[in-house]
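Asker: For reference, the chains in residue letters:
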Amino acid sequence: MDLSLIIMQLLSGIALGAVLVITALGLTIVFGMLGVVNFAHGALFMIGAYAGLYLASLTGSFWWGLLLAPILIGAFGMLIEFVLIRRLYGRSIDDPLLLTFGLSYILVEAVRIVFGSDGIPFPTPPQLIGVLDLGVGFFPRYRLFVIALVAAVLVVLWLALEKTRIGLIVRAGARDPTIMQVLGVDIGRVWLAIFGLGVGLAALGGVLAGPMRSVNPEMGSLVLAEAFVVTVIGGLGSIVGAVVAGLMIGISISLVALFAPEMATIVMFALMAVVLLIRPEGLFGVRGRTV
Amino acid sequence: MTSPSSGEAVAEPASNGLGWLLEQRVLLSIAVLAVLPWLLPSQALAVNVLIYGVVVMGYNLLFGYTGLLSFGQAAFFGAGAYFTGIAIGRYGVPWFAAVPIAVLFSTCLAALIGIVSTRTRGIYFSMVTLALAQLVYYVALQASSFTGGENGLRGFTVDRINPFGLQVNFLDPVNKYYVLMAFAALAMWFQSRILNSPFGAVIEAVRENEQRARACGYDVERSKLIVFMLSGAISSLGGCMLALHLSIVPLDILHYQTSGMIVMMVLLGGARSFFGPFVGAAAFLILEDVISVWTPHWQLFVGAIFVLFVLFLPKGIWGTLLDTLRVGKARS
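Top line first, the protein sequences correspond to chains R and G.
Note that the first sequence ends on residue 291 in my numbering; no numbers are left out.
Note that the second sequence ends on residue 1332 in my numbering; no numbers are left out.
Next up, chain R with everything else stripped away, as it sits in the complex (with noise of 0.2 Å):
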């Protein structure tokens, strides 16, 4: 067991949290934003990787299946959000729970008939087969490639949020959805919007993902539970909190695997459980906001 493979162990932590963070992260701001916990979030996770690889082998390029699969799950989130979730504000919380719930049966099972129950292949770009030379290892350049993509969404989406106009109002709205109405903004395109916005993080997950595991209609439940983890970790509706449990989660996961691989899966459960018998509301949650 030397330091160089615990290196290399560390930096696939940290590629596997990054899609963790990125899926974890429409949770944590439709959570934020909406009062709303999306059920079908894995569910859209999978549809993105599929819509991914449809796209890819369509246009014959991963990259067009990178760019696309997002913006074309991300609007049918929007059509998710306008024709059925619309009708559930003002009713109980777990209205919106139980409809996302029943919704990624229907879209796991169309899945199903369309692509059929086996798992398929997810071919990684030409451009990123192979490994890099890092000094200390080889590391696979693909899983370099996902980190520094979800960096740089992560800043774009930190600069959109705090820096423009736009961003001010989502922040406001997620303080105050009435005093904004009151201000004359139209808060239920806002909504419309995030939730388009989560979903399609959800599916960028997805794409990303894709090449790392194989794509089969069942993935999604996986990732719907590790989201969980992650976002009650992290504090829902917190962005901070998403990015720094799901980098943790990530971590503990590839190390725990070096040295128990059984334990695996059930490492992130147990640091859950931990977190919340220590802080309830997460690490970056804040107190009372908890329903």
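Because the hints were derived from the structure by calculation, they are not lab data.
Glycine included, every Cβ here is placed at the ideal spot set by N, Cα and C.
Treat the hints with care, since some could be wrong.
What the hints assert, rightly or not - Reference listing, derived: stretches of chain G covered by chain R, where coverage requires no fewer than 3 residues with Cβ under 8 Å from a Cβ of chain R: (1) 1122-1128; (2) 1131-1140; (3) 1262-1274; (4) 1295-1302.
Claimed, not checked - A few chain R residues that don't get close to chain G, going by computed Cβ distances all over 12 Å: (5) Leu27; (6) Gly60; (7) Leu79; (8) Val131; (9) Gly135; (10) Val153; (11) Ala174; (12) Val232; (13) Val244; (14) Met248.
To be verified - Short, incomplete list of chain G residues facing chain R, as computed with Cβ under 10 Å: (15) Pro1041; (16) Phe1063; (17) Tyr1256; (18) Gln1257; (19) Ile1305; (20) Leu1308; (21) Phe1309.
Once you have looked at the hints, place chain G on chain R.
Answerer: Here is chain G on its own, set in the frame of chain R:
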């Protein structure tokens, strides 16, 4: 204390005929279950309605009556089944001892999960119960020397049981149904006792208004933990029934899809009503049965029907029916 729309007859005057009928809910439910094998197209379906009815009834205590939307009930359903199978198959415990042991162990598991999850509120609770139940799933997957891992648990067939000196062939479907119905009757009696007790009123108070219940001096956190354990205990009994029925425990029983199925069943039937869980289990299983005859993609339709229920019929089949009957009664 209870909302006027609640599916129960706790506060209704005895002179109301419907109210009197609903007070006999345990006996009435047993009567319906006793003739169920002749009402449904197949015996196998009736046994499943019985088993899932008990599981969903236990879950209803948590979701319907206390208002806690858990997405992890499969953990206790599965625990009941696994503990029964392990006790019988690995340790040679007779079935009548294995069932209470399994329920006890599952209740301890519910206490552990409850301690962590009842510290959280609202949407957090749903997410945390889902995650912790998935933890149980992965533990069962890894501990394959105990649980059989992906292949499921096998090798504990109960073919003959001797209650009170009688010789009953448990492989006969009719005998099996009525033996399992005795378990269901016990579970219904227990649940009815809980609901009629002062504690039953406290959990409904927690559902209606947590702050107010706390202000009235009730220990909300402790009540939630107790109801979580009771709910887990009843659902685990359903798991014991499944283990005795199938003589195998599939790993999928612990998956969160099973938790989701339990949620769907309670909503289809009607949360917060005593017999609703059995109606919901029957509706779900019949739908699955009927649709899977002409397409393997029955989940598509079940999902769509569930979405429609959430949107337009949130009280479920039985809850809506009871409401309609009550309104009719009040008008006449």
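Asker: Which of the stated hints cannot be reconciled with the structure, identified by number in ascending sequence?
Answerer: Structure breaks hints 5, 12, 15.
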